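K.L.:
Chain Y is fixed; fit chains R and C onto it per the hints.
Going down the list, the protein sequences come from chains Y, R and C. Sequential numbering from 1 applies to the first sequence in our numbering. Sequential numbering from 1 applies to the second sequence in our numbering. Sequential numbering from 1 applies to the third sequence in our numbering.
To be clear, the hints were calculated from the coordinates, so they are not data collected in a lab. All of these numbers come straight from a predicted model, not from anything done at the bench. Keep in mind that a hint or two might mislead.
Claimed, not checked - Between beta-carbon pairs, the in silico distance windows are:
1) Thr278/Y with Tyr124/R: 23 to 29 Å
2) Pro113/Y with Glu181/R: 57 to 63 Å
3) Gly203/Y with Phe61/R: 42 to 48 Å
4) Phe22/Y with Ala83/R: 43 to 49 Å
5) Pro71/R with Gln217/Y: 54 to 60 Å
6) Thr278/Y with Glu181/R: 34 to 40 Å
7) Leu155/R with Glu74/C: 49 to 55 Å
8) Met171/R with Lys11/Y: 53 to 59 Å
Note that beta-carbon positions come from the ideal geometry of N, C-alpha and C, so glycine has one too.
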Amino acid sequence: MTTKQNLYHSKPAQWAVYGLFFAAIALIPVFVTDGFLLNQFAVYGIYGMLALSISLCWGFGGILNLGQGIAFGLAAYGMAMTMQMQSQDPDSNPIPPFMLNNSLEHLPWFWQPFWSTGGGILLALVVPTLFYVVFGTLMFRARVSGPFFAIMSLAMLSAFATLILDMQPYTNGANGISPPAPLSLFGTDLDPYGTTAYWIVCGGLVAVTVGAKLLTQSKFGLVVQALRGDPERVRFLGYNVALYETCIYAISGFIAALAGCLWVMLIQYVSPAQLDTTFSIGMVIWAGIGGRLSLLGAILGAFLIQGGQSYLGDQFLATWLLMLGAFFIVVVRFLPKGLAGLLEMILGSIARQPAKHARPEPAGLPAAGE
Amino acid sequence: MTSLDIAPFANALVLGASIASIWLIAAIGLTIIYGTVGVINMAHGEFIMLGAYTSYALQSFLGLPFLLCLPASFAVVALVGLAIERGLIRYLYNRPLDTLLATWGVSLVLMQGVRLIFGSDPKYIAVPEIFQSNVEVGFASLSVFRLVVIGVTALVVAATAWLFYRTRFGMQVRAVMQNKEMAASFGINADRVYMTTFAIGAGLAGLAGSLFGVLAIVLPTMGTAYVVQAFLVVVVGGGTLLGSVAAAGLTGELQSVFAFLTNDTFARFLLYVLIVVFLRFRPRGLFAVAKARR
Amino acid sequence: MGVLEIRDLHKSFGGTKVINGFSLEVTELTLCCLVGPNGAGKTTTMDLITGRQKPTSGTITLRGDNITALSEHEIAQRGIGRKFQVPAVFRELSVRQNFEVAYSREVNPFRNMLRRRPPGFSAKLDEVVSLTGLKDRLDVEAGFLSHGETQWLEIGMVLMQNPAILLLDEPVAGMTEAEIEKTIVFLNRLKRTNTLIVVEHDMGFVRQIADVVTVMHMGAFLAHGKLSEIEADPRVREVYLGEPEV
Numbered sequence: 001m002t003t004k005q006n007l008y009h010s011k012p013a014q015w016a017v018y019g020l021f022f023a024a025i026a027l028i029p030v031f032v033t034d035g036f037l038l039n040q041f042a043v044y045g046i047y048g049m050l051a052l053s054i055s056l057c058w059g060f061g062g063i064l065n066l067g068q069g070i071a072f073g074l075a076a077y078g079m080a081m082t083m084q085m086q087s088q089d090p091d092s093n094p095i096p097p098f099m100l101n102n103s104l105e106h107l108p109w110f111w112q113p114f115w116s117t118g119g120g121i122l123l124a125l126v127v128p129t130l131f132y133v134v135f136g137t138l139m140f141r142a143r144v145s146g147p148f149f150a151i152m153s154l155a156m157l158s159a160f161a162t163l164i165l166d167m168q169p170y171t172n173g174a175n176g177i178s179p180p181a182p183l184s185l186f187g188t189d190l191d192p193y194g195t196t197a198y199w200i201v202c203g204g205l206v207a208v209t210v211g212a213k214l215l216t217q218s219k220f221g222l223v224v225q226a227l228r229g230d231p232e233r234v235r236f237l238g239y240n241v242a243l244y245e246t247c248i249y250a251i252s253g254f255i256a257a258l259a260g261c262l263w264v265m266l267i268q269y270v271s272p273a274q275l276d277t278t279f280s281i282g283m284v285i286w287a288g289i290g291g292r293l294s295l296l297g298a299i300l301g302a303f304l305i306q307g308g309q310s311y312l313g314d315q316f317l318a319t320w321l322l323m324l325g326a327f328f329i330v331v332v333r334f335l336p337k338g339l340a341g342l343l344e345m346i347l348g349s350i351a352r353q354p355a356k357h358a359r360p361e362p363a364g365l366p367a368a369g370e
Numbered sequence: 001m002t003s004l005d006i007a008p009f010a011n012a013l014v015l016g017a018s019i020a021s022i023w024l025i026a027a028i029g030l031t032i033i034y035g036t037v038g039v040i041n042m043a044h045g046e047f048i049m050l051g052a053y054t055s056y057a058l059q060s061f062l063g064l065p066f067l068l069c070l071p072a073s074f075a076v077v078a079l080v081g082l083a084i085e086r087g088l089i090r091y092l093y094n095r096p097l098d099t100l101l102a103t104w105g106v107s108l109v110l111m112q113g114v115r116l117i118f119g120s121d122p123k124y125i126a127v128p129e130i131f132q133s134n135v136e137v138g139f140a141s142l143s144v145f146r147l148v149v150i151g152v153t154a155l156v157v158a159a160t161a162w163l164f165y166r167t168r169f170g171m172q173v174r175a176v177m178q179n180k181e182m183a184a185s186f187g188i189n190a191d192r193v194y195m196t197t198f199a200i201g202a203g204l205a206g207l208a209g210s211l212f213g214v215l216a217i218v219l220p221t222m223g224t225a226y227v228v229q230a231f232l233v234v235v236v237g238g239g240t241l242l243g244s245v246a247a248a249g250l251t252g253e254l255q256s257v258f259a260f261l262t263n264d265t266f267a268r269f270l271l272y273v274l275i276v277v278f279l280r281f282r283p284r285g286l287f288a289v290a291k292a293r294r
Numbered sequence: 001m002g003v004l005e006i007r008d009l010h011k012s013f014g015g016t017k018v019i020n021g022f023s024l025e026v027t028e029l030t031l032c033c034l035v036g037p038n039g040a041g042k043t044t045t046m047d048l049i050t051g052r053q054k055p056t057s058g059t060i061t062l063r064g065d066n067i068t069a070l071s072e073h074e075i076a077q078r079g080i081g082r083k084f085q086v087p088a089v090f091r092e093l094s095v096r097q098n099f100e101v102a103y104s105r106e107v108n109p110f111r112n113m114l115r116r117r118p119p120g121f122s123a124k125l126d127e128v129v130s131l132t133g134l135k136d137r138l139d140v141e142a143g144f145l146s147h148g149e150t151q152w153l154e155i156g157m158v159l160m161q162n163p164a165i166l167l168l169d170e171p172v173a174g175m176t177e178a179e180i181e182k183t184i185v186f187l188n189r190l191k192r193t194n195t196l197i198v199v200e201h202d203m204g205f206v207r208q209i210a211d212v213v214t215v216m217h218m219g220a221f222l223a224h225g226k227l228s229e230i231e232a233d234p235r236v237r238e239v240y241l242g243e244p245e246v
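One chain only, chain Y, in its complex shape:
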């Protein structure tokens, strides 16, 4: 079975489909004028980014990361503080109200850099990525096995969630941080329900998808896929496997951090719920059902599941989750490559169909096996 004839694997076809997808999501504001709906679609775009980050790390790298919420949540908190500080004034109103309510008299030192919008956003992106670099290095150099790594990522997520929940004076605990005004960039307020905000998210999704696709097509991406199958062989070829694993893990974390920042821009709120175990594992379910080896598949998986969940609303939530769980079991057991893998199989079997008018075999062709 060759991979060449299968349309699924043809590079031009893939880029064409991606192009169509980008065009489709870019055109949505043309047809949708309701601000709330636009905002909701933008949030789906965020989920798509998260699913893509999981696909990079897990599908391509074979690293099951159950704690992606660490990057998402930490970045979200950073962004929320940045936006909060935008509505504070150093002279008349230096301390956010929630801190005053918790009897803090001065802005804690680690929130000081967030006076600067640029500095705040930079920190929101860099700090989670740095954590991923450190955590990844520790785990991958020890050659901790896949399931162990998954559990440890879950443990760290849970630890961060409890930490944030408990540091009430600094993070407002369970209430979360809700900046009073939308993000202000270069002097203008960014309306979360406007088209500009939508296009920023859309642009982010497109950029991240293109970047990730190019990454998987590079030599680096190939080595990462190889080490997913046989890390030992990759080591014997001379590659520092732990370094490659840390890189892909950190890149996936950076994307999740970016998603976190954009999310707060849209929702104007963050709470410890963003570090919920169920939410983080949910990202893996989106990628798993959509197709962990397909970047676009993962994104569409997120759209499908989150869209379905919103549509069915809260009354059927328990039933919906139960069916989702059951469906996920089926996918894991029978369709490890998800719905994208199903498409691959279908296109593959079409490719193997004999042509309607078979061309005659040229004379003198040697028999197979020589």
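P.N.:
Only chains R and C this time, still in chain Y's reference frame:
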């Protein structure tokens, strides 16, 4: 920062023993499953939750006394575990990451199923009066029920050790753990060993659940808190019974001491960070299983 | 001084002593065959050289540098490549992709993010493809290759890697007569540019390729020299045949 008084510190140590016993009994079912079958069962927390609900249901609808609910919960959840192993797990043995994910799906199904059947409101398990009082242990004051938990944990560990090191079944399990192919060539039915072990592990989780349902309220979501903790014990311990006992003891005491020195949350965070660092230098855990060299 | 020197290597697994004071000096651009009965420690020696295992004591030096404590990838980068007894290829990737990964001139991940095809790759690929006869199979998933083709794929990968020293563990296991002939030809050609250490059982094959033969027994050095000398050595005969030559 409080000065190191002996009395509160000793209190922390005693409380640490109670915490350790909770960690241990939560983890023992998982230890057995992971150590033998190599499966990371993400539904372990839900098995605990099922045990709690079984006790609640048996008590409320059948009027079964609490002490009988313990073995009953074991049996019921063991059967559930058996069904899951036969229906799903046994097809995924050579795919450890997929087993992890598939069992997460199972946990979702179980959690939502229970929610649909019993509702989301909290339930309570009644215990005999005598368990509700406090007792003095040296400098410390513990509820009698916590002592019961320590007692039951010790009994369960002893029973499990006896099962795995003194019986023929246990020998078969250990043979399969170390080298499945060779054990099979001696006529041991590895399939049956896996099935039985999984069921026992599930049952032990159910037993733990019926205890935890008293310590904490019974909710469909109560299990999720235990999965991570139980796994850390297994991971740090290395997958053996001795390892889990050592790991639970160590982490329970450390958590209690850290909490005494700082506060509860920071203690947990610190402990997790310590575990990450520990794994960096000893990835196989404290007392790892001796597996055959490939 | 040889290009690779092993001095007084010891390795124990738990209580079992697997390598017992083994020493070897490998001359550059020669093919050294490592032979010995099963359990003599040949594969373990390979593990120790490539860094897969760490010796209990003893040193391994490559061109004067002590590589004993280095990790697998560091040793590989210094020019030691390995072909495993059971072919280790990337089953989910295509043959072409396998060769691409094996072309490990550039191991830095950041530089690899920016490039698609490293320089010199296409030429090397053509060379290796024609040598291994996998031209028609380039786009096939490696998991679908036959056993012989998989062996050739791994050999090709090691050639793509182009290490100064190649360690081959039973390279002709499971090959047909024709394939073995082909292997003999190309190994003899390889001797001109690379140093080879080959673990083998088939004496006929050894006769055709070896410049020098080292016999291991019970984790220790038993004999060393040309094959004719080895075959005449009474100690070797005793170990292999169980009785002294009358």
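K.L.:
Look at each hint and say if it fits the structure.
P.N.:
Hints and how they fare:
About 25 Å separates the C-beta atoms of Thr278/Y and Tyr124/R, a value consistent with the hinted range of 23 to 29 Å. Restraint check, Pro113/Y to Glu181/R: a C-beta distance of roughly 58 Å satisfies the suggested window 57 to 63 Å. Between Gly203/Y and Phe61/R the CB atoms are about 58 Å apart, so this pair departs from the stated range of 42 to 48 Å. Hint check: Phe22/Y to Ala83/R, Cβ distance near 46 Å, so the stated range 43 to 49 Å holds.
With their beta carbons about 59 Å apart, Pro71/R and Gln217/Y fall inside the hinted range of 54 to 60 Å. Roughly 39 Å separates the CB atoms of Thr278/Y and Glu181/R, a value that falls within the hinted 34 to 40 Å. Roughly 52 Å separates the CB atoms of Leu155/R and Glu74/C, a value that falls within the hinted 49 to 55 Å. Taking the beta carbon of each, Met171/R and Lys11/Y are about 56 Å apart, inside 53 to 59 Å as hinted.
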